[in-house]
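Novice: In this text, residue positions in the sequence shown follow my numbering: the first is 19, and each later residue adds one.
What the hints contain is simulated information worked out from the structure, not anything from laboratory work.
Among the clues, some could well be false.
Only pairs whose alpha carbons sit at most 27 angstroms apart, straight line, appear in this in silico BS3-like list of lysine-lysine [stated by the list, open to error]:
1) K283 - K140
2) K140 - K210
3) K185 - K286
Restraint-style ranges between C-beta atoms, simulated for each label pair [as the list claims (entries may be wrong)]:
4) N278 - E119: 33 to 39 angstroms
5) L230 - K40: 56 to 62 angstroms
6) R158 - E117: 49 to 55 angstroms
C-beta: ideal position from N, C-alpha, C; glycine also.
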Amino acid sequence: MSLLRVFIVSDSVGETGELVAKAAISQYLNTEQNAVLKRFPYIESIEHLQEIIKLAEGQRAVIVYTLVSKELRHFVERETARHGIKAIDLMGPLLDALEEELHSAPIGEAGLVRKLDDDYFKKVEAIEFAVKYDDGRDPRGILLADIVLVGVSRTSKTPLSQYLAHKRLKVANVPLVPEVDPPDELFDVDPKKCFGLVISPEKLNNIRKERLIALGLNDDANYAKLDRIHEEIVHFRKVVDRIGCETLDVTNRAVEETANLILGKLQKQ
Numbered sequence: 019m020s021l022l023r024v025f026i027v028s029d030s031v032g033e034t035g036e037l038v039a040k041a042a043i044s045q046y047l048n049t050e051q052n053a054v055l056k057r058f059p060y061i062e063s064i065e066h067l068q069e070i071i072k073l074a075e076g077q078r079a080v081i082v083y084t085l086v087s088k089e090l091r092h093f094v095e096r097e098t099a100r101h102g103i104k105a106i107d108l109m110g111p112l113l114d115a116l117e118e119e120l121h122s123a124p125i126g127e128a129g130l131v132r133k134l135d136d137d138y139f140k141k142v143e144a145i146e147f148a149v150k151y152d153d154g155r156d157p158r159g160i161l162l163a164d165i166v167l168v169g170v171s172r173t174s175k176t177p178l179s180q181y182l183a184h185k186r187l188k189v190a191n192v193p194l195v196p197e198v199d200p201p202d203e204l205f206d207v208d209p210k211k212c213f214g215l216v217i218s219p220e221k222l223n224n225i226r227k228e229r230l231i232a233l234g235l236n237d238d239a240n241y242a243k244l245d246r247i248h249e250e251i252v253h254f255r256k257v258v259d260r261i262g263c264e265t266l267d268v269t270n271r272a273v274e275e276t277a278n279l280i281l282g283k284l285q286k287q
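All chains should be modelled from the sequences, with the hints used to inform the complete structure.
Specialist: Shown next, in the form of structure tokens:
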């Protein structure tokens, strides 16, 4: 059986063309073991295409191409027909059909799917990071984070971490309580990426009481008492002063407002 040569020509990495070609070749079990696929990625010029077409003619290769540029697609179509080379356009017919259906021309920029995928995976990575390093679970995350949040309990550290994670930022948050020494890593972090979250004692008192009631507990526990809250806030201020980071009052701010405030401060740095 003769060797089947397939050239995968793309203006991006060529993964789509290779996957489709492999899927088609797999339908010919005997042929699959006698096929050679070669990628030609990031093709952006007529000159490159001329070289590939000449090579394909000499090796009797089939060309499978995924090109978003109409100019490049039409060149391949015209030249392969002129040289008697089998060529399959995987992208053009669908782009033309969508253009007709949507009454809008395609952007014509290569690699957009990969950019969208990269953006998605960065977001997932940031969300997983926020979960892993939530509530001071692992202090090693402090030095790896883009943003570090510190504050007493119930100052919206976790929801704020998750909100910022959806902006593709890796966030670690650390709760501060007088009885527990803060992790050493907290004092090694760049103060510019650390933010202390503070809230009025009265507001925190109400939030904690509601939290205790929701858990089916008595709302006069020490956790919700004003004296205890004042003690925690004094400790909080000592820690943030030692870190040298900025303090944000979240008393009457929604999570989105606090997040936008942090993002704005980071952009100014």
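Novice: With reference to the structure, classify each hint as holding or not holding.
Specialist: To see whether the hints hold, each was checked on the structure:
no. : hint                            : in the structure
1   : K283 - K140                     : holds, 22 angstroms
2   : K140 - K210                     : holds, 22 angstroms
3   : K185 - K286                     : holds, 17 angstroms
4   : N278 - E119: 33 to 39 angstroms : holds, 38 angstroms
5   : L230 - K40: 56 to 62 angstroms  : holds, 60 angstroms
6   : R158 - E117: 49 to 55 angstroms : holds, 51 angstroms
Against the hints set out earlier in the document, no violation occurs for any number.
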